[in-house]
Structure formats: C-alpha cells, structure tokens
Amino acid sequence: MDNSISDYILAIVAIDEKKVLPGGCPVILAADQEEQVKTSLLLARILGGIVHDLENGLYFICRH
Amino acid sequence: MEKYGLAILLGIVAGFLARWLMLRSDYRHYPTYPHGKLTHLALGFIAAGLGAVAIPAIAKPDYMAVTFLVLAAQQFRDVRNMERESLNHLEETKIIRRGSDYIEGIARVFEARNYLVIMTALVTSAAAYWLGWEYAVVAAVISIAFSQLLMAGSYIGNIAEVVTAKVHFEGSLLKVNDVIIMNVGLPQTREKILKEGMGVLIKPKDDDARLTLDAPGQRMAIVHDVVSILGSKVEINETELMPVARKNPDQGYLALFIVANETDLDYLMEIIRKVPVLESARGTTLKSYFGRKAAD
Numbered sequence: 009m010d011n012s013i014s015d016y017i018l019a020i021v022a023i024d025e026k027k028v029l030p031g032g033c034p035v036i037l038a039a040d041q042e043e044q045v046k047t048s049l050l051l052a053r054i055l056g057g058i059v060h061d062l063e064n065g066l067y068f069i070c071r072h
Numbered sequence: 048m049e050k051y052g053l054a055i056l057l058g059i060v061a062g063f064l065a066r067w068l069m070l071r072s073d074y075r076h077y078p079t080y081p082h083g084k085l086t087h088l089a090l091g092f093i094a095a096g097l098g099a100v101a102i103p104a105i106a107k108p109d110y111m112a113v114t115f116l117v118l119a120a121q122q123f124r125d126v127r128n129m130e131r132e133s134l135n136h137l138e139e140t141k142i143i144r145r146g147s148d149y150i151e152g153i154a155r156v157f158e159a160r161n162y163l164v165i166m167t168a169l170v171t172s173a174a175a176y177w178l179g180w181e182y183a184v185v186a187a188v189i190s191i192a193f194s195q196l197l198m199a200g201s202y203i204g205n206i207a208e209v210v211t212a213k214v215h216f217e218g219s220l221l222k223v224n225d226v227i228i229m230n231v232g233l234p235q236t237r238e239k240i241l242k243e244g245m246g247v248l249i250k251p252k253d254d255d256a257r258l259t260l261d262a263p264g265q266r267m268a269i270v271h272d273v274v275s276i277l278g279s280k281v282e283i284n285e286t287e288l289m290p291v292a293r294k295n296p297d298q299g300y301l302a303l304f305i306v307a308n309e310t311d312l313d314y315l316m317e318i319i320r321k322v323p324v325l326e327s328a329r330g331t332t333l334k335s336y337f338g339r340k341a342a343d
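First to last, the sequence lines map onto chains F and R.
Under our numbering, the first residue of the first sequence is numbered 9, with each subsequent residue one higher.
Under our numbering, the first residue of the second sequence is numbered 48, with each subsequent residue one higher.
Hints in this document: simulated from the structure, not taken from any laboratory.
One thing to keep in mind: the hints can contain errors.
As the list claims (entries may be wrong) - Straight line, CA to CA, 30 Å or less: simulated DSBU-like cross-link-like pairs of lysine-lysine: (1) F:Lys46 with R:Lys222; (2) F:Lys27 with R:Lys222; (3) R:Lys107 with R:Lys84; (4) F:Lys46 with R:Lys334.
All of these numbers come straight from a predicted model, not from anything done at the bench.
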C-alpha cells in the first residue's frame with residue numbers, strides 16, 4: 009500500500025517573498041531563477057513529486 | 048465401448064486443440080510466462096475432457112456421471128477469479144498500470160475460452176458418437192472456427208481514427224493540439240518533452256465510440272499497451288514524463304501524450320489501433336432509443 013501524501017502541495021519555491029504567505033506549506037526562497045529551478049528539481053527528486061510552474065514566479069512540488 | 052472411446056478421444060483432441068489455438072501470448076495478452084501457458088493448457092485439457100464425456104455419459108445412460116459433470120463445470124468459474132487475483136497482485140508493482148477494466152476483461156475472456164472448449168469438445172464428441180468420425184472432424188473444424196470468431200473482439204482502430212498531433216507548450220501547460228495534458232515546471236523537462244515527446248489524437252467515429260474512449264479504464268488500457276511495446280521514460284518517483292490520454296471535452300476525442308523509448312510515430316498509431324475495446328468500457332448509447340434521438 010502506498011500511504012504517501014499525493015495531490016498536495018509539498019513545497020513552494022519562490023524568488024519573491026511577497027508572493028507567498030505562511031500557510032502550513034514549506035516555502036523556500038531562491039536568489040534567482042537558476043537557483044529556483046535547481047532547488048525545485050532537487051526537491052522534486054527527493055520528494056518523488058513533480059515541479060509545476062504557476063507562471064507568476066512560483067514553482068511548487070506536487071506528487072500525483 | 049469402442050464407440051464411446053472414439054467419441055471421447057475426438058472430443059478431447061478437438062477441445063484441447065481449440066484451447067491451444069485460443070492461447071494468445073503476444074505482447075499484450077497474459078500469460079506471457081511458460082508456467083501460465085501450462086496452467087491454461089492443463090485447464091483446457093480438463094475442460095475438453097468434461098465436454099467430451101458428456102454425450103457418451105448421457106447416451107449410456109449414466110445420469111450420475113452427468114450430474115458430476117455439471118458440478119465439475121462450476122470449477123471454471125474460479126478461472127476468472129484466479130486470473131483477476133494474480134493480475135491484481137502484479138498490478139501493485141507496475142509503473143504504468145493496466146487498470147481494473149482491462150484486468151476484468153482479460154479474466155472474463157479466460158473464463159469464456161474454457162466454456163468454448165467445453166462446447167467444442169461436446170459438439171465433436173456428439174458428432175463422433177451419432178454420425179461417425181468423418182463428421183466429427185468437420186464439426187471440430189467448424190466449432191473451432193466459430194470459437195475463434197466469438198473470441199475476436201473489436202479494436203480501437205475499428206471505432207476511432209488515429210492521427211498525428213503536435214506536442215507544444217502554452218506557458219507552462221503542455222498541450223497536444225488543443226488538449227491540455229499537464230503543467231510542466233522545469234525548463235529542462237520542457238525541452239526534453241519538445242524533443243522526444245509524441246502526441247496523437249484518437250478521434251471517435253460515432254457516439255458509441257465517444258463513450259468508449261471516455262472511460263478511464265479504456266484509456267488506461269491504451270496507455271498500457273503502448274508502453275508495453277514502445278516503453279516509456281517514466282521512472283519511479285519521477286513522474287513528469289508520465290504518458291497520459293486526456294479528452295477534449297467538447298469534441299470528445301482523446302489526445303495521447305508519451306515520451307517513449309522508441310520514438311516511432313507510425314508504430315505508435317498502429318499499436319493504438321490494435322488496442323482491444325474493453326467490454327466494460329464499450330459505449331452503447333446508439334443502441335438505445337433516446338441515445339439515437341439525442342445523437343442527431
């Protein structure tokens with residue numbers, strides 16, 4: 009049985025801290041887009057999820 | 048005595064032959080393992096035996112034997128459970144799953160094949176008993192051909208048209224023609240998808256086909272068959288390249304997206320055309336009065 013959390017935002021990777029509010033989900037700040045992409049990739053691989061792009065400078069990791 | 052012997056022998060041979068010919072083990076069908084084949088041939092032999100003995104037993108007349116035959120025939124109901132269970136267990140360790148519709152379809156076919164074997168054996172032994180062995184051979188050939196005919200289902204190629212489509216991005220949304228497939232965040236993944244991804248449209252020919260393609264079980268079956276031949280680049284825990292089939296809600300056609308090991312679009316389309324239409328997913332709206340009225 010797979011008991012892991014799925015279809016749920018596991019982490020948000022942001023550059024602009026004004027775009028996110030504290031709400032129970034880990035938010036990781038990146039200095040620039042390059043770091044954002046790299047951090048998201050690493051997180052996705054570690055968490056077994058995939059990276060989604062909200063097209064407003066926010067990336068998040070979700071497991072399906 | 049000799050007459051009984053010949054009838055039973057011919058019945059068993061014909062039934063076993065029918066089972067053998069119906070035993071498909073190509074890329075799609077289960078079993079693909081030697082042990083699975085043996086199990087089914089053995090069961091087929093038993094089924095053939097049952098069918099072959101029935102007519103001589105009635106003719107003798109040995110009604111007790113006939114009663115036992117009916118009891119024994121019940122055993123074949125378990126074939127379906129056996130197949131379903133074993134395929135369900137295997138499902139847990141699959142990256143791309145068959146889906147329960149497909150499993151149910153396969154299990155049902157296995158059960159049905161045994162009944163066809165019993166029928167073939169019965170008809171053959173009856174012909175041998177009453178008409179003679181020459182007629183039995185003819186009866187065997189006809190009933191085997193009839194069994195094959197009954198077992199041949201329809202394919203996606205019969206109900207839908209498969210055409211190539213363009214894989215592209217609109218912002219972060221991956222699309223196949225106008226159908227949204229998923230949101231892809233990473234630029235590297237997008238590049239890979241644009242380079243290696245394949246997309247096709249599966250356009251239903253009528254409203255029945257539209258309902259069939261609508262069923263998630265049917266879509267899973269399509270994806271499973273494609274992946275089991277062309278392979279896929281999905282890895283455990285890295286599901287970005289997951290092959291999916293999504294529909295256009297307004298037009299009803301499916302868009303299939305896959306990043307396969309073999310990027311051959313022509314074969315991809317050919318494989319999709321050969322995917323069986325699942326019994327449990329088959330749409331039948333045009334068979335109903337209101338369905339026909341609503342369709343136009």
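Check whether the Cα positions of Lys46 of chain F and Lys334 of chain R lie no farther apart than 30 Å. Violated: Lys46 of chain F and Lys334 of chain R sit about 55 Å apart, past 30 Å.
Given pair status - Lys222 of chain R, Lys27 of chain F, alpha carbons within 30 Å: Given that 30 Å is the threshold and the Cα spacing comes to 27 Å, the pair holds.
Would the pair Lys107 of chain R and Lys84 of chain R pass a check requiring their Cα atoms to be no farther apart than 30 Å? 35 Å, violated
Hint consistency between Lys46 of chain F and Lys222 of chain R [alpha-carbon to alpha-carbon, up to 30 Å]: Holds, at about 24 Å.
In the structure shown, a violation is registered for the earlier hints numbered 3 and 4, in ascending order.
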